[in-house]
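One letter stands for each residue in the lines below.
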Amino acid sequence: MNRFVYADNAATTQISPEVLEAMMPWLTDGYGNASSIYKKGREARIAMEEARHKVEKALGIPQSRPDYPVEVYFTSGGSEADNWAIKGAAHLMAPKGKKHIITTVFEHHAVLHTCATLEKEGFEVTYLPVSDKGLVTAEQVEQAIRPDTALVTIMYANNEIGTIQPIAEIGAVCKRHGVLFHTDAVQAVGNVPINVVEQNIDMLSLSGHKIHAQKGIGVLYCRKGIRLPNLIDGGAQERGRRAGTENIAAIVGLGVAIEAACADIPGRAAKLSAMRDRLIEGISPMERVRLNGDAVRRLPGNVNFSFEGVEGEALLLTLDALGICASSGSACTSGSLDPSHVLLGIGLVHEVAHGSLRLTFSDYNTMEDVDYILEVLPGVISRLRAMSPLWERITKA
Amino acid sequence: MNRFVYADNAATTQISPEVLEAMMPWLTDGYGNASSIYKKGREARIAMEEARHKVEKALGIPQSRPDYPVEVYFTSGGSEADNWAIKGAAHLMAPKGKKHIITTVFEHHAVLHTCATLEKEGFEVTYLPVSDKGLVTAEQVEQAIRPDTALVTIMYANNEIGTIQPIAEIGAVCKRHGVLFHTDAVQAVGNVPINVVEQNIDMLSLSGHKIHAQKGIGVLYCRKGIRLPNLIDGGAQERGRRAGTENIAAIVGLGVAIEAACADIPGRAAKLSAMRDRLIEGISPMERVRLNGDAVRRLPGNVNFSFEGVEGEALLLTLDALGICASSGSACTSGSLDPSHVLLGIGLVHEVAHGSLRLTFSDYNTMEDVDYILEVLPGVISRLRAMSPLWERITKA
Amino acid sequence: MLYSEKVMDHFTNPRNVGEIEDANGVGEVGNAKCGDIMKMYLKIENGVIEDVKFKTFGCGAAIATSSMATEMIKGKTVDDALKLTNSAVVEALEGLPPVKIHCSVLAEQAIKTALADYYTRQGIDPTPFVGELKDPDEEHLACEM
Amino acid sequence: MLYSEKVMDHFTNPRNVGEIEDANGVGEVGNAKCGDIMKMYLKIENGVIEDVKFKTFGCGAAIATSSMATEMIKGKTVDDALKLTNSAVVEALEGLPPVKIHCSVLAEQAIKTALADYYTRQGIDPTPFVGELKDPDEEHLACEM
Ligand SMILES: Cc1ncc(COP(=O)(O)O)c(C=O)c1O
Ligand SMILES: Cc1ncc(COP(=O)(O)O)c(C=O)c1O
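Chains as they are written, first to last, in the working numbering: chain A, 1 to 397; chain B, 398 to 794; chain C, 795 to 939; chain D, 940 to 1084.
Quick caveat, the hints were computed from the structure, so don't treat them as lab data. Be careful, since some hints might not be right.
[Said to hold, decoys possible] Below, computed lysine-lysine pairings styled on BS3-like, alpha-carbon distance capped at 25 Å:
#  : chain 1 : residue 1 : chain 2 : residue 2
1  : A       : Lys39     : A       : Lys133
2  : A       : Lys99     : A       : Lys224
3  : C       : Lys827    : C       : Lys877
4  : A       : Lys120    : B       : Lys493
5  : C       : Lys827    : C       : Lys868
6  : C       : Lys827    : C       : Lys870
7  : C       : Lys837    : A       : Lys133
8  : A       : Lys96     : A       : Lys120
9  : B       : Lys621    : A       : Lys120
10 : A       : Lys396    : C       : Lys870
11 : A       : Lys271    : A       : Lys54
12 : B       : Lys451    : B       : Lys621
13 : B       : Lys454    : B       : Lys668
14 : B       : Lys517    : A       : Lys120
15 : A       : Lys224    : B       : Lys517
16 : B       : Lys496    : A       : Lys120
17 : B       : Lys517    : A       : Lys99
18 : A       : Lys96     : B       : Lys517
19 : A       : Lys39     : D       : Lys945
20 : A       : Lys224    : A       : Lys175
21 : A       : Lys99     : A       : Lys175
22 : B       : Lys496    : B       : Lys621
23 : C       : Lys837    : C       : Lys868
24 : B       : Lys517    : B       : Lys493
25 : A       : Lys96     : A       : Lys224
26 : A       : Lys224    : A       : Lys57
27 : C       : Lys800    : B       : Lys436
28 : A       : Lys99     : A       : Lys133
29 : C       : Lys837    : C       : Lys870
30 : B       : Lys621    : B       : Lys572
31 : D       : Lys982    : B       : Lys793
32 : D       : Lys945    : D       : Lys1015
33 : A       : Lys396    : C       : Lys827
34 : D       : Lys1015   : D       : Lys982
Next up, chain A with everything else stripped away, as it sits in the complex (with noise of 0.2 Å):
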């Protein structure tokens, strides 16, 4: 009969039991504030740095002061972590003529949207095109550098179609030439080896919520002597760089998360692969599909596919009643004119983008989950396109 598949962790994950126990004790009796120099809020700040030294493991952030990180900034999830390194390196840099950005044009909106902000104040940017596979490289970037770059900001991997950018060669053109570079690694961490010194990263951005924290908690890397300016003013947390009581659960949990997702990251990612590849050999043989995104250099917990003739959205509501949840990259879902960006930056014309879909893996996902989805999904597929005039006039011509 019906089966629960949650195939959407792109779009979030689900708290894991280890986390949430970690998270337990700060809701509850542990609720001092990590700046009150009293026991329950010296503890607080204890549990707090202990996450903080957990996330800098994570990232290869050396340990500069075993007691007191310094590198690492915890924010209010992903999109605050974007807006704070680019808007800040951006204002940081501006007073020494340097008003230049080099993006792709498949960021996330929290990377686009913050550059058109910029724009609007007068900076300019360069919008890197992507493959037809979703990829950018590091000669692309050399090529954008001008005198005036102040930031290069390339995600890790993209969100919809799980593209991995080198990241290693951008940071390496990126010290050669001495622009700042930061990447949003919301969906990498955990699936990729990250290394920030010898990735030469400056500056990073990652979400809790995308490896089974809460959401509403996230962080900012940033390279000790880089004085970003602060997104968010007021008390003296965080070194006084970002202020605002610490969400010491979120925190916390955080710091499990991250652990947990790097323990072991070959290991995962072949047990996600695993279920990716064999989705992947279940579709592409039905009609008219396309497989979006690169085939190796690729995320591996995710699918994604543009199915002709279809509409994302019905496709989705469809999947829903049948118990699958997963997302599309269809106008209709997002409630813009346009389908996702990221779909047209890889060159699909709007017909396809409309009828995409995108399938995304965690480790609470089974081979079952997988055969589930082959198992329905070609019926879901056909109903519609039945009732689709697209499909006759595509079928017919």
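Starting from the known structure of chain A, arrange chains B, C and D with the ligands on it as the hints suggest.
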């Protein structure tokens, strides 16, 4: 023997059992992304909008659209809300030639440091002085308003000394002069009746963790029609005005918390002020003490005294050893050089400000807590004074 | 964005899906680029809509409004069908999210376009009856509705 | 900002609190405005610190460093006491938070000032032994240390 008395509720509060219970489903099975169109996402969205309605109700916001409230934005806390309101209003009005902001000398740092950032950008800020009781008048505000005034931002109630400002009067003045009015109501919610319409409040900040919800969640109320630029750009969450995957668990908790806090404000205030007044009466007869703040226009749960000859941090640590959690405006607790700007703002000299003690109550305190504090405090003060060369100097003079 | 139960019912079990071989009024509106195409088939006899069927490429609301609109005109006279407005469809569906109102407009247009086709086939100028219809290929107009 | 257990121990049970009636070296440093005053009483006989007591107005670290510093010089010769550095006090306390290092400087100064007073009372110019001491009323210097 030793009791445990948490009397630092102005710093943060415990999550109430009802709030945690309401949060739990969203920390476990209800992990859907509120932007997703499948059932798991829709359920999250519905729960979030329900919480938004509860906030509306608590603030007297008319329900313009029962299915889709449009003036309440969830943020990561009070600090973000303050930053967004003030920076947003400044940047909104600057193109109209309005680059002047009015505030007071004793706002929270989330307001003061935000104003300082704007000063660096070229805005002009008037910091109104407050009386020795910590009050500002509508007349002061009116006299400070200039043709180029963009915004008045004055806190509803002070976090250190608990004075409650004449917000309705200030709101009326701002309305009359066509100036935007923001109030930081983080400490006021649940303690005084708030009605943004009657009080002519254009924008209001509040924070969950001061009213028994989770840390890391807050609200900015922004009257419809004020097109504040975003602080955090990105996805379409919060109607495109505050990006970031919504922290449903915390939002639902905030809804329950604000409903509870505002259900019976007079009853709540009566209970808290009974504790407050007994404590004030108990401390007042002690030698060389001073009640900070106004005796009448005062938050029901706030007690703040200065003890001459004593330093605040030493006092807090000693109380902590006796099971009492409190706070102080001493510089030594903040790592800064000067004691609390609030205490200096009401005219205290440094040496007296260093010896301040704030005790703040919530629904979870009892008269027994007050009695215990009164039992141990005199001994603690005597002991510290006995080893204080400053006390020696004061008493010999 | 939340659909009413009625919308979900019409999406999940759409009425009148398919084609009519001997339709005497056919209309298609919308376009693939915008993600919405609706095609209506009418079988009209003695001024009465004896049968109606649709095919739709589009989102949940597009399918549900097509289904509801066909139900609302089936068995009705052509005159009554001409009076069907998009708001009547929205109301019958117990509301639509703001971003989906354009689907109901598309459904109204699809019916009008099919009725215009019927008039034309009868050798009658449809303009006095159905008014000026937007060219379904005016992509921009359609997308931005 | 976290104190070591050692700091907490010396704060909670400070050693050598009080005054010495017949002290022959007394020094006070810091000021009320900054929130730190330390006063040291020395009883020196035959070049040995026979007794030492302190009174301190200040934070936990101020009290703990005073306490530790007095312990470290009690029974020592004046020459040894002159060699006491603030870092030795910090080390003995198993560290201090960065913002509290100034308390240890204050403790070192308090002892030096008391020793200077001792030399002066003996009719000896203290400068060659204790160096130039900062005027304890130079508020700014003290606060910003
Ligand atoms: C008056 C006032 N404003 C703003 C804040 C900041 O709120 P949050 O800690 O949620 O950022 C606080 C509390 O810290 C406060 O008391
Ligand atoms: C690549 C990427 N960047 C940024 C974000 C934003 O993260 P958050 O929802 O924590 O703000 C997301 C997810 O929504 C993402 O996938």
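Open item on the list: Run through the hints listed earlier and report the numbers of any the structure violates, in increasing order.
Closed with: 1, 3, 5, 6, 7, 10 and 28
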